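Residue numbers (mature numbering (1 follows the signal peptide of the UniProt record, and there is no 0)): -17 to -1, 1 to 407.
Worth flagging that the hints you see were computed from the coordinates, not collected in a lab.
Given the structure is predicted, the values throughout are model-derived calculations rather than measurements.
Backbone N, C-alpha and C fix where the C-beta goes; we use that ideal spot for every residue, glycine too.
Accuracy of the hints is not assured; some may be wrong.
Pair ranges (Cβ atoms, derived) [what the hints assert, rightly or not]:
1) S154 - T311: 55 to 63 Å
2) R47 - A(-1): 25 to 33 Å
3) V36 - Q150: 32 to 40 Å
4) P310 - Q46: 24 to 32 Å
5) P110 - N74: 24 to 32 Å
6) G84 - D108: 42 to 50 Å
7) P98 - G215: 25 to 33 Å
8) N69 - Q197: 36 to 44 Å
9) G331 - S34: 34 to 42 Å
10) I107 - T311: 54 to 62 Å
11) I303 - P175: 41 to 49 Å
12) T311 - A75: 28 to 36 Å
13) P98 - G72: 26 to 34 Å
14) V36 - G296: 40 to 48 Å
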Amino acid sequence: MWRSLRLCTAIVGVVSANTAWTVCNRKLLKDGALFFIRGVNYQPAPIDTWSGVDLLLRPELWQRDLPLLRNMNANAAKVYAFTSGNPDGHNAYLDAAFNNGYLPIYTMFSIWVSPYPMSAAVAIDSPDFAQFVPKYEAMAKEVACHPGTMGFVIGGEMNGIWEVKTQLFWSKFNALSQAVRRGIASANCASPAPKILTTNFIDDYAASVTYGEQFRADVDVWGINIYDKRFGSDKMLVHSRATSRPFLFGGFPSSQEFGWDPAPIFPMGYGSEEFFGLFSRTAFAPCPTIPSKSTCVATLSDLNMGLGVVEDGGCAGGGIGCDATRPTCRYCKMKETAQSKLLNACPGVTSTSTSGFAAADDSESAVEGTSTTNNTSSILLLVAAVVGVVVAGVLVAKVVFRKPKKSEKQGEVAMHTPSGAGIL
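Work out the full structure, taking the sequences as your base and the hints as a guide.
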């Protein structure tokens, strides 16, 4: 295995001013090194706003969202719409997402293509399909030279038609793929570098992947959205046998509410997952309008391990809980875990039967005359942005914040995440 990996690395080399994305067997490589995607499908349509537009040209959205995505420990984003001819706007987003290589969020760009242009009713030279070819080429040419660009997604969920079994479908698919590759080549980057091509298929059973391999699809990574939550090892084996390429699983099964009617988790019935998804921040303080100026920011991974982060100038010389990569930051205990047990409690947190924040919530309930014994409030914070979560071969955790029942065992700690300068 190591010999194979060294061979992949030697072929790719290392690019400094751009990032080279390649595939070797089932491995995704960035500049010759293994890369594992932890990302989101990012199309942050505001409530009552059409989502089929290039929202990267609205900096007030991504300036708000990028700090939150970093706090999720995300390292990639996939977008669904692109309007070429806006290099300044797209480079502004890419600069902010790439962040000079510090906690970068790499981006995969796309232009949505529905099933109809891919159907037999539309000839390959018909304007209904042909219009997308120059658009894909222009998109690739505009952003291929930026180190924050990972690659491009061919089409949308366009494979849900019987024509996916035919040569015509895949001839159209390859026309779009080749347009992207022409765009990358014609960008004349100062540091030319390959980018990956993937898909956005609905394919619970790998049927489209099988047809794609049969008709020689021009793709590097198969990207599929899983809608059937019964995705066990048997299905993983079916997918693995369909291709030797890597898989990128997007939109992995999670709770989803389209908002037609009010529901317990979505009580207002808005037709937007954004409001009740990541950015509702039900268990957090209101969204910041600007990124935190503190470098001592707790990520979602930290919180899952019971860790908070506080500023402490005494850490400059090291010490228990000090973060070697951030000399003024010290980890503290949000809740009792194997990782946090040797740390001091975070400000305002007690590690007895409940946290200080849970106790405060209970006192508020008492004032209102609401019993928490039979009315446990379970709030699911979906770790997703807008549509779903992009993962490469793993499940994305769902984090549950809840009030404790008074009947809970002594010593159990209910996690209530406080607001503060150190938490976005």
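Status of each hint after checking the structure:
{"no.": "1", "hint": "S154 - T311: 55 to 63 Å", "result": "holds (58 Å)"}
{"no.": "2", "hint": "R47 - A(-1): 25 to 33 Å", "result": "holds (29 Å)"}
{"no.": "3", "hint": "V36 - Q150: 32 to 40 Å", "result": "holds (33 Å)"}
{"no.": "4", "hint": "P310 - Q46: 24 to 32 Å", "result": "holds (27 Å)"}
{"no.": "5", "hint": "P110 - N74: 24 to 32 Å", "result": "holds (30 Å)"}
{"no.": "6", "hint": "G84 - D108: 42 to 50 Å", "result": "holds (43 Å)"}
{"no.": "7", "hint": "P98 - G215: 25 to 33 Å", "result": "holds (28 Å)"}
{"no.": "8", "hint": "N69 - Q197: 36 to 44 Å", "result": "holds (38 Å)"}
{"no.": "9", "hint": "G331 - S34: 34 to 42 Å", "result": "holds (39 Å)"}
{"no.": "10", "hint": "I107 - T311: 54 to 62 Å", "result": "holds (59 Å)"}
{"no.": "11", "hint": "I303 - P175: 41 to 49 Å", "result": "holds (48 Å)"}
{"no.": "12", "hint": "T311 - A75: 28 to 36 Å", "result": "holds (29 Å)"}
{"no.": "13", "hint": "P98 - G72: 26 to 34 Å", "result": "holds (30 Å)"}
{"no.": "14", "hint": "V36 - G296: 40 to 48 Å", "result": "holds (46 Å)"}
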